[in-house]
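One-letter residues, chain by chain:
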Amino acid sequence: MTAVQPTAVLSGRYQRAFTIAVVFLVAGWHLGGAGGQLLHDQTAYASFAFQVAMWLVMALAVAAGAILVLRDTPRGEAARSQATRGKTPSWPAAWAVALVALAASTASAAASPASHMLAENWAWGSAGWIGVLVLLRRRFSELAWFLAAEAVATLSVQAWDGLHRTNLAGFLALFAWSTGAQVAVAAGVRALDLAADQAAAAARRENAARQRAAIAEVIRAARHSRWLALQETAVPLVAELAAGTADPGDIGVRIRCAVQAARLRRLLAEGDEVHGSLVHELHASADVAERRGVVVEIETAGSLPPVPAAARRVITDAAIAILTAAHSRTRITLAAVTAGIAVSFVADTGAAVRLPAAGEGVVIEQQQDDGTLWAEARWDGR
Amino acid sequence: MGRPVTVFIVEDHPVVTEGVASWIHSDPGQRVRLVQTARDLSGLRDVPPEAADVVILDLELSGELVTDQIPGLVSAGYRVVAFSGHSDPVIVMETLDHGAHAYVSKEEGREHLVEAVLAAAADRPYVTRSQARAILDDQRPARPALSEQERQALLLWFQGMSKASVARRMAISENTVRQYISRARAKYAATGRTAPSKDALLARAIEDGVIKPAEIMQYESFARAAAARPSLGAPDS
Chain A
1 MTAVQPTAVL SGRYQRAFTI AVVFLVAGWH LGGAGGQLLH DQTAYASFAF QVAMWLVMAL
61 AVAAGAILVL RDTPRGEAAR SQATRGKTPS WPAAWAVALV ALAASTASAA ASPASHMLAE
121 NWAWGSAGWI GVLVLLRRRF SELAWFLAAE AVATLSVQAW DGLHRTNLAG FLALFAWSTG
181 AQVAVAAGVR ALDLAADQAA AAARRENAAR QRAAIAEVIR AARHSRWLAL QETAVPLVAE
241 LAAGTADPGD IGVRIRCAVQ AARLRRLLAE GDEVHGSLVH ELHASADVAE RRGVVVEIET
301 AGSLPPVPAA ARRVITDAAI AILTAAHSRT RITLAAVTAG IAVSFVADTG AAVRLPAAGE
361 GVVIEQQQDD GTLWAEARWD GR
Chain B
1001 MGRPVTVFIV EDHPVVTEGV ASWIHSDPGQ RVRLVQTARD LSGLRDVPPE AADVVILDLE
1061 LSGELVTDQI PGLVSAGYRV VAFSGHSDPV IVMETLDHGA HAYVSKEEGR EHLVEAVLAA
1121 AADRPYVTRS QARAILDDQR PARPALSEQE RQALLLWFQG MSKASVARRM AISENTVRQY
1181 ISRARAKYAA TGRTAPSKDA LLARAIEDGV IKPAEIMQYE SFARAAAARP SLGAPDS
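Protein sequence lines, in the order shown, are assigned to chains A and B. Quick note: our numbering has the first sequence finishing at residue 382, numbered continuously throughout. Quick note: our numbering has the second sequence finishing at residue 1237, numbered continuously throughout.
Since the hints were made in silico from the structure, they are not lab data.
DMTMM-like mimics (lysine to aspartate or glutamate), calculated; alpha carbons at most 25 Å apart, straight line:
1) B/1163 with A/299
2) B/1163 with A/369
3) B/1106 with B/1018
4) B/1212 with B/1097
5) B/1163 with A/365
Listed next, with one range per pair, are the computed distances between beta-carbon atoms:
6) B/1172 with A/360: 30 to 36 Å
7) B/1063 with A/382: 45 to 51 Å
8) A/303 with B/1068: 22 to 28 Å
9) B/1170 with A/360: 24 to 30 Å
10) B/1064 with A/298: 25 to 31 Å
11) B/1088 with A/223: 35 to 41 Å
12) A/202 with B/1145: 57 to 63 Å
13) A/354 with B/1170: 21 to 27 Å
14) A/206 with B/1145: 52 to 58 Å
15) A/305 with B/1172: 25 to 31 Å
16) A/363 with B/1149: 19 to 25 Å
17) A/250 with B/1063: 49 to 55 Å
Where is the CB? At the ideal position from N, CA and C, for every residue including glycine.
All chains, full assembly: derive it from the sequences and hints.
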């Protein structure tokens, strides 16, 4: 099964893509739009060199802003531990870049010829876009304040130069056009962020649903195999008892019944995924023997490693065989040994017990001393 | 065999006291004699350490665990065999560390209590299955290092085999099995807090050749105590 991609990572990737788009937009505007206008009108300025210097300052602000938002946009491992939404640049860094751009824009406007200020003011648009870039994912009101401050600064420069009615109309038109576009982009990115969150959540839900389906299939298969196991052993016995071909008075039949009863209990216990499930399953296996009056003690030593289900079944099969043969007492111990576990049985079976086959990494040994059986099933986890 | 080993029982449940007394009486060799019983530790005031070779102490008296009273008893010169319904390895370890000679759980009493008392009277180690379990369970960084053979003998003993079966399984003599198990116990007597009873156990183990002084980690503490207590061993030896 593949790991579910955390929603934060998925939506973080989308957000990063939007950020890169905005970076290209802002850089493209500064290079093509503002730069083109600056070159086109180069003879109109009192000092072309000063305008170029301001343009370079703002180009640096664009670069700084790009680094700021791309570095802080979640990516890779670091993002997994972060909150769902991507980190935004801290306010001192974001505002430092924005204010540098605003200052350069205002200085550039102040140095422009008064009559042509609006037509030849290349810097206004760039400053606004830089504000959008760095304040994109901060509170919307911050961007509004920045754009308002920029408008006031530009208007003040115009008022200083002597405000004409035509200039004011031009200012308002330009303000509506450029600020409108900037606000629209910022709002659009916000909407896309939201959509990305939803898309990521949907992807995660789908993935989780697929995983649940896979788990359900595994559980179904396990149930089916347990049912098949019962078909082979318990069902024929019940059928024989019902048909009267098996005599409950016969000791052999009674032993078969005890073994099947213990197996049924174990199958039920196998389903419970409790901690220390081997101990739990051994207790379940011991239950039938205890009803027969056999005293069963189960003790553990050391911190026991988890044992895979197949190996547990080999061990509990041995336990069932021994518990069924025990006359009056059985001591079961589980001890942590190097790289595995040693499950041992000491029981008064009277004679050697035919133990089921070892396997699944379990080695079974036994020794018989004067009617007492010692057997050890050792599982090696290496 | 000399005079019987004298024993004092501190146990708050009279039924248990009677049970212990009956185990003592049914010992074929009558090797142990019960001299007095008490329901709490204040009963020990009238019984000086010389009056009883061994004190059988129930670890829970009137609902309270008294393991932290053991160091005081041991310092006063009593030999303590703890007898308890608890078999939590941590409590077993603490009891031994505090200087009890042996630990016998109530389930093991019939089989092991009389033997444990006899061994304690001779300052010899006696390892019950619950002690073996606590040793196997021990994960403390300061635990003594056991050899592979000692560990295997302890494991088989914990599993429930008789010492004869352990010997057969390991293809060694029963005496060697006892030696491995006793040595593991002696190593524990050499670690942790110091107590006269632990020093006595160690000294006896060295005398019996169970353990060599070089195998003892804290040899110094033993030497100090041995110098201070020239008379070692049990009254009957």
